[in-house]
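Q: Residue numbers (this note's numbering), protein chains in the order written: chain C, 79 to 270; chain B, 0 to 302; chain R, 2 to 666.
The reader is advised that the hints may include incorrect statements.
Quick list of the computed label-pair ranges, beta carbon to beta carbon [as the list claims (entries may be wrong)]:
1) R:Glu471 x C:Pro191: 36 to 44 Å
2) R:Ser374 x B:Asp131: 50 to 58 Å
3) B:Gly26 x R:Ala468: 37 to 45 Å
Listed next, the in silico SDA-like pairs over lysine to any residue satisfying Cα-Cα at most 25 Å (straight line) [said to hold, decoys possible]:
4) B:Lys15 x C:Lys262
5) R:Lys323 x R:Val225
6) B:Lys15 x C:Val244
7) B:Lys15 x C:Glu205
If we take Cβ atoms under 8 Å as the criterion, some of the chain R residues that face chain C in the derived model are [said to hold, decoys possible]:
8) Ser77
9) Arg396
10) Arg398
11) Lys399
12) Ile433
13) Gly459
14) Pro461
15) Asp466
16) Ala468
17) Lys476
18) Val480
19) Cys481
20) Val489
21) Pro493
22) Asp495
The hints are simulated quantities; they were obtained by calculation from the structure and are not laboratory data.
Using N, Cα and C, we set each Cβ at its ideal position, and we do this for glycine too.
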Amino acid sequence: MGALATTLEKAWTPHTLERIPSLRYLVGNDFSLCYQCGLCTGSCRSAYAMKYTPRQVMNLLQLGRVDEAVASGSGLLCTACFSCTFRCPRGVAITDLMGAIQRLSLAEKHADPHIQRFYRAFMRTVERHGRFHEIEFLVRYYALNPLRLRDELRVGLTLLTKGKIVLKAPKVKSQKGIAAMFRKAAQIEGRP
Amino acid sequence: MRYVYYPGCSASGTSKEAEESLQAAMGALGVEWTELEDWNCCGAAIAIGTSYLLSVALPARNLALAERAESDLVTGCSRCFLNLIRAIHYTHENASVHEKVNELLAETGVQYSGKARLRHLLDVIVNDIGLDVVAERVTQPLDGLRVAPYYGCCQGMWTYAQFDSVEDPHCFDQLLATLGAQVVDYPLKTACCGGTLSMSRRSVGAKLIGDLLAAAGDADCIVTACPLCLFNLNSFQREAGRIKGTHFNIPVLFLTQMMGMAFGLPKKALGLQRNAVPVDGLYKKIAAGATVSSGAASASRPK
Amino acid sequence: MAEGKSDVKIGVYVCHCGSNIAGTVDVEKVTEFAQEQGSVAVARNYKFMCSEPGQALIKKDIEELGLDGVVVAACSPRMHEPTFRRVCEEAGLNPYRLHMCNIREQCSWVHKNGATEKAEALISAAISRACYLEPLERREVPVAPAVLVVGGGIAGIQAALKVADAGRKVYLVEREPSIGGHMAQLDKTFPTLDCSACILTPRMAAVKAHPNIELMTYSEVVDVQGYVGNFKATIRRKPRYVDESLCTGCGICWEKCPWKAESEFDCGLGQRKAIYTPFPQAVPNVPVIDPEHCVYILRDGKCGACLKFCERGAIDFNQTEKMVEVEVGAIIVATGYDVFDPSAITRLGYNRFPNVITSLEFERLCNAAGPTSGHIVVDGREPKSVGIIHCVGSRDRKYHEYCSRVCCMYALKFAHLIKEKIEGANVYQFYIDMRCYGKGFEEFYQRAGTEGVTFIRGRPAQVTDLAISEEEEGKLMVVCENTLVGAVMRVPVDMVILCPAMEARSDARDVARLFNLSQSADGFLLERHAKMEPVATANDGVFVVGCVQGPKDIPDTVAQALAGAAEALALIDKGSVELEAATAVVDEAACSGCKICVPLCPYTAITFNEAEKRALINEALCKGCGVCVAACPAAAIVARHFTDQQILAEVEALLVDARPAPAEV
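In isolation and in its complexed conformation, chain C is listed as follows (with noise of 0.2 Å):
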């Protein structure tokens, strides 16, 4: 933690930590040691269609310019499989700096509404049932836009027919605790 701090120190811009506060809880290095190698990107499945490339988001990030970065949705299209973060070579912490991102596009609704909806709808069943509940996702999430529900008609037909959509809600004794948690979170983390 004392190593981090004084990276953050010397980062490029002061601004970037009160724009991105999970910086001092970044396990790995930041952004300041990326040698703009490439390789996270070589090694990225959706890299071809993000606007500014893992590495480039990485530079953006060293030149204190988060907002470009925020505003490129890159950050939507990580899936987290760390293969970035695995392999580089001075052991950035990539994908988490890429999280961080897509946290500030979701959150300053830089997203197409729709996958604003499908994070919101997944994270309101957790908080609710303590799992996540099928069911009332999809109200949650198509109730606002049934237009696309014609896309998802064929697989949530499949899931139905197959007895793959659980009807019932789950339950989980520690669902209130659960609850708190969200709560708690967004206190400490100063969400709404």
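Based on the hints, put chains B and R in the right spot on chain C.
A: Chains B and R in isolation, oriented as in the chain C frame:
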């Protein structure tokens, strides 16, 4: 042998066949498989998009429960495994993270000390139970079946867990070979399936799935070690085909389904009726293979 | 205020060191403080004490005031202790009556506030100690006028030749059957494109012909005893089963030998016989018989073709290994490097695909005397396109963090050679940075551009044979992000050359232990000072030259080899070496013979005299580290120049005025 098991939301829902076949296969091996009581969702690849602390605390709670039950924890879902091992690693490396996680866990009345031990299903099968025990249980060797072993991404997990090579793992290949199957060389065996991109960014997700399906070549089926990969590879073959300009119709099974088939367990017990792409063709191939090979069904020895 | 000793006259000299000390420490105040201390005859300060005028100040005071001791408050003794000791000597004062007090590295450089107070405390302690310093005499021991060179690559060859040319005897020991090392495996060398064998073999021949060089190939150093100027090395000479004095190198034996094995010299790409010389220009041109592939040895007398055909009767299966002892004054370690095995990086496909090869393997393919007679052919085909991947295992904290220095240049060389040998070939360089720092290097880089080499900046994530389009069928695809364009590329090629890291030999640790050397964090052997002493080591009289010390190219290797030769010659030509006097000594009367100290010594300087039942310290080996002094339960070992009295005087002076702690540091 007894194990406390973390099923994960996929295995009990959209990939129910994974859970069902796991219980059946483990039962056939004489292993007691108890579900972790009061487990919660590990956060999948979604929690990371909302809250860093939740992405560590949600899986950590299950570790805390395992500690309370004084047991190791096994999981058969690669994504869950990754989240759990990430929780172990991060809380271990960063005292701040550990502190904050326990602050959250206090809301549910548990604390995570960091002592919990996590095992992957493949690790348990290959290293604890042992391939020779698996071989003994095989009554219907999968002769004639060409299978592509799909480990899934989650490379981080292999790094931390260190029970196999990260870039070039072999445990799954060995298991399938023990079942008698002919394991094909699958170049994308550790490439990511796209996870939730199949839902949130269909065009990208479908392309990744298409790459994986295409790379299987002329294999008869793909076997996965992750229920989420199972869902993805099964459910989006049509969309993937459209993007790749071809038609996919390749059965995708979970590893314990394949084990159950080789053990001769009933189809329903293995949830085989739930796989999106029907697997009947595979049974025909196995039967044909069995008659081709020298008469009596013989258990394959691990290589 | 330190009391000091009344009958002693100490001179205190405070250095400003420009602004290094004076910028933080009030040197005037400190000088005044020193003057007030007991036993201090004179206290001065000066801008640069180590300079000539500074030294003159000290000399003058010693001569005119008859000083008994000198305290220099300045930088670390590791910098200038020898300087000021010499000053004292020249002025007629025993050099061990000098004490250097560090008020730079340990004071002005690390404190902002309170530095002056701390300097005063340190000087007070130094003065106290100086009062009790005793004169010590350095012993002189003669230097054996011979040099042992370990390793017969270009570094060892060059060092041996230079020492031999100076008229000194050299023992050159090489593990392989022939000298030449890795350089003998190379084709052309950058940036001049000199043929490696053409510039190396004349030197190899010179070694053979030189009357002062005793060449021992197929031999290894197994033990080293002694100390600077007086080393005794034991060399194991492995049995060749061929009599060197009879063999003419006619080659009939290896022509007739029916048994083949993989050629190590050809990196396994070609074969050799069970009786063989590693390459045609081998020195000595005498074969060895490989006991693991020779059927006569393996099957008790079956075969014997070589015996039958050798006209000189030089084959001798009765040979056994011989141990040879040599006495030398200096040792030059030149054992070279290993090439990183890229199998560890599975995603690059080194073990999967036969047409993914390492740079050293490519050198053998390119070499006219290689397994393919200089034709670039892999897997039966001549490649029309080649991808060269830089930094394999280098600049990567998972393997080696360092840069291997030579790969960018030889990669450019490969591009040139490929273009020369294969009409219309495409060459792609996958690099992160182009490191072309040396003489003629940047120009060579430019030349590569004119020859139409394609540079793609991006570290490849994978080499795959999985084709996703028709044009990719049958090829290897290098997958990387082209970082200059910002997009992932798949580049289809027929062959991939990996540039693996240059790493320390696998037995570097054993070599270090054998010669009492240290390894740096990267595994290579450690030089004494990164800038000022590149070939000397912490073990006096032992020098490291060439790639054993770190990755480097041929010109730098030759330069270091010559440097090592100069160091060795300086030692030998002096004829004698002075031993550091601040060593430990056993008070025989007090020694109880408990032997606790003997195994503790990291320099194996303590032996036990069984007859007298007393421990004995070899002054030449002792470095004065003090471990035995501390361990002796009878307090029978004294550390000269660090006696209890001296140390306690220092401590007491430090604590005499319990000064309040400085406000901030």
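Q: For which of the previously enumerated hints does the structure constitute a violation, in increasing order of number?
A: Hints 4, 8, 15, 16, 17, 21, 22 not satisfied by this model.
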